[in-house]
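Counting in this note's numbering, the sequence shown runs from 157 upward without gaps.
Hints may be right or wrong, so weigh each one.
Below are the DSS-like pairs computed for lysine-lysine, each with C-alpha atoms no more than 25 Å apart in a straight line [said to hold, decoys possible]:
1) 685 / 696
2) 570 / 629
3) 423 / 629
4) 538 / 423
5) 696 / 681
I should point out that these hints are in silico values taken from the structure, not numbers from a laboratory.
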Amino acid sequence: MIVEFGHFALVLAVVVALFQTVVPFWGAWTNDTRLMATAKPAAMIQFGLLCIAFAALTYAYVVSDFSVANVASNSHSTKPLIYRISGVWGNHEGSMLLWVLILAMFGCAVAIFGNELPQTLKANALSVQASIALAFGTFILATSNPFLRLENPPLDGRGLNPILQDPALAFHPPFLYAGYVGFSIAFSFAVAALIEGRINAAWARWVRTWTLAAWMCLTIGIAMGSWWAYYELGWGGWWFWDPVENASFMPWLAGTALLHSAVVMEKREALKVWTILLAILTFSLSLMGTFLVRSGVLTSVHAFAVDPERGIAILLIMTIFVGGGLALFALRAGELRQGGLFAPISREGSLVLNNVLLTTATATVLVGTLYPLLLEGLTGAKISVGPPYFNMTFIPLMVPLLIALPFGPFLPWKRGDLQGVAQRLITAALIGLVAMVATMALSVRGPWLAPLMMAIGVYVMVGALQELAFRAKLGAAGREEVLRRLWNLPRSVYGSTLAHFGVGMMVVGIVATSAYRTEQVLVMKPGDKVEIAGYELTFKGVAPYRGANYREQVGTFDVTRDGSLVTTLNPSKRVYDAPPQPTSEAGIHASWRGDLYTVLGDAQEADGGYTIRLYFNPLVRFIWLGALVMFFAGGISLSDRRLRIGAPRRSRRTPPVAVAPAE
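Generate the whole structure from the sequences, applying the supplied hints.
Rendered as C-alpha cells:
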C-alpha cells in the first residue's frame with residue numbers, strides 16, 4: 157500500500173508541476189499578482205509530494221519488498237542497511253526520481269527564500285523550473301517507473317552492483333545530482349530574464365548564490381567519486397578522463413566560469429550577455445551528462461547502460477530545453493543593455509581571461525568526449541581518446557590560468573597596474589621558485605615540466621594568502637589594526653581566498669602523484685620481501701574471511717621503515733553473494749609523504765605465489781584535501797549576508813543618545 161501511495165504522490169507531483177508551469181507564467185504575462193503568487197505554494201507542494209514518493213521507494217528497499225520490480229532488480233536481503241538505502245539511487249529509475257526530487261528541492265528553496273525577488277522574475281523562474289520537473293516527471297512515469305509491481309515476486313533480489321556497495325558511493329550520487337540539478341536554477345533565472353528582456357546586478361547576485369550552492373555540491377561530488385575510484389577499483393589512479401567523469405567535469409568548469417562572470421556583472425553590470433549564455437550552457441552540459449550516463453551510448457563503471465529508447469527520450473528533453481534556451485537567447489541578446497567599460501588590465505579583465513580559458517578548456521574536454529561517439533555513429537569506426545589528448549590540450553590552458561589566478565584579487569575594478577601587482581606577488585613567486593628547486597633536488601626522474609608545475613601550485617597557494625595579508629595591511633599597520641581588518645573582511649573574501657588556496661593544493665597533489673609515482677608489479681610468496689619508496693614490505697600470506705554478504709581472500713603485509721614496524725596492510729579479493737561479482741579492495745597506508753598502495757592479484761598455481769601490485773603516490777591526498785577546502789570555501793562565501801540578500805550586516809553600534817542642552 158505504501159508503494160502505491162508513493163506512486164500516486166509521484167503522479168500528483170507531475171500534475172502540480174504542470175500547474176506550476178502554466179499558471180504563474182500566465183500570471184506574469186498578464187501581470188496578475190494572484191496567479192503569480194501560486195508559484196510558491198505549488199513549488200512547496202510539488203517538493204512535498206516528491207519527498208513522499210522517494211520515501212515510499214526507500215521504504216520498499218529497507219524492508220526488501222521484492223514485489224517491486226526495481227527493488228528485486230537492485231537489492232538483496234543480506235545487504236547492510238546503508239547499501240539497501242543507497243540502492244534506491246544505484247539504478248536508473250531510482251536515480252531519476254532522486255534527480256527530480258533535487259530539482260523540486262531547489263525550486264522550493266527559491267520559492268521560500270526568494271522573497272527579495274521581483275514577483276514577475278520569481279514567477280517566470282519557478283515556471284521554467286517546474287517545466288523541467290514536468291518533462292522529467294513525465295519521462296519517469298512513461299519509461300522509468302520505479303513503483304512497478306511484479307506478479308510473481310522472487311524470494312530474494314538480484315543485489316546491487318558490488319562496486320557500488322561502498323560508503324563513498326552512498327553519498328557521491330546525491331551530491332553529484334545536487335550539483336547537476338542545482339545549475340537548473342541558473343538556467344531558469346536566465347530564461348526568465350530573457351522572457352522579461354531585463355537583467356541587472358541584482359539578478360547576477362541571485363544567480364551567483366544558487367550557482368555557488370550547486371558548484372559546492374558538484375565539487376564535493378566529483379571529489380568523492382575520484383576518491384572512491386582510487387581505493388575501490390584497485391588501479392592506483394585518481395582520474396582517468398573517463399567519458400562519464402568528463403560528463404561531470406564539464407559542468408563544473410562552465411559553472412566556475414559562470415560564478416566569475418556573475419561577479420563582474422554584479423559589481424560592474426558588465427558581461428551580461430556572456431553571463432546569460434554561460435547559465436544556459438552550464439545546465440545544458442548537465443543535461444548532456446544525464447543523457448550520456450543513461451542513454452546506453454557509453455560503457456563505464458559509472459554509467460547506467462539502459463534501453464537506448466530512454467536515451468532518445470532524454471535527448472528529446474535536452475533538445476527542447478537547450479534548443480529553446482539558445483533560441484530565446486538569440487532573439488533577446490541584442491536587446492540587453494551592456495554595462496560599464498573597463499581596461500584590459502583590471503579585475504574585470506582578469507575575470508574575462510579566466511572565463512575564456514575555462515570555456516576553452518570545457519570545449520576541449522567536450523570534443524575529446526563526443527568525437528569518438530560521433531565518429532562511431534557516422535562511420536562505425538571505433539577510436540579511443542584517452543589521457544594523452546586531454547593532457548596535451550587541457551594542461552596548456554590551465555598553466556596561464558594558474559599563473560594569472562593570484563593577480564585578479566589584487567587588481568582594482570576598471571583599471572589596474574599590472575607591474576604593481578607583480579611586485580606584490582614577488583614573495584609568492586620566490587617561494588614557488590624555492591619549491592621548484594627543492595623538487596628538482598629531491599627527484600632525479602620525472603617529466604622536466606613537473607618541477608615548474610609544482611612551483612606554480614605553491615605560487616597559487618602563497619598568492620592566495622598574500623591577498624589576505626595585503627587586505628589586512630600585514631607589515632604596514634599595527635597588530636590591532638591588522639586584526640581589526642581581518643575581523644571585518646567580508647566572508648566572501650575568505651571564501652575566494654580559500655578556494656584559490658584549494659586549487660593550489662590540488663595542483664601540487666596532481667603534479668606530485670602524476671610525475672613521481674612509483675609502481676611495481678611482481679609475484680610474491682609468503683615470506684618474500686620487497687622495497688618501495690623507502691618502505692620494506694613482508695608478505696605474510698593470504699587467509700579467507702567471511703563478511704556480511706561477501707567472501708574474500710585477505711592478504712597481509714607487514715610494512716617497516718628503517719627497521720621499525722609502520723603498519724600492517726590487508727588488501728583483498730572479494731566476491732559478493734548477489735550478484736557473484738569479484739572486486740579488489742586495496743590496502744592503503746597514508747602518510748604526509750604520500751600513499752603506500754597495495755593490491756592483491758590472482759594466485760599463481762604453479763609456484764604458490766600471488767600477483768602483487770605496489771604503488772607509492774606522493775602527496776596524493778592534497779587532491780582531495782584541496783577539493784574539500786574548495787567546498788568549505790564555497791560554504792563560507794555562501795554565508796556572507798551580502799551574497800545572500802545583497803545587504804551588509806547591520807551595524808552593532810549603539811545609536812547616539814540625545815543630550816539635553818545645558819541650562
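Hints and how they fare:
1. 685 / 696: Satisfied, since the Cα-Cα distance of roughly 9 Å is no more than 25 Å.
2. 570 / 629: Given pair residue 570, residue 629 holds - Cα atoms ~23 Å apart, limit 25 Å.
3. 423 / 629: Roughly 24 Å between the alpha carbons, so the hint for residue 423 and residue 629 holds.
4. 538 / 423: Measuring from Cα to Cα gives roughly 48 Å; hence the hint is violated.
5. 696 / 681: holds (8 Å)
In summary, the structure is inconsistent with hint 4 from the numbered list given earlier, while agreeing with all the others.
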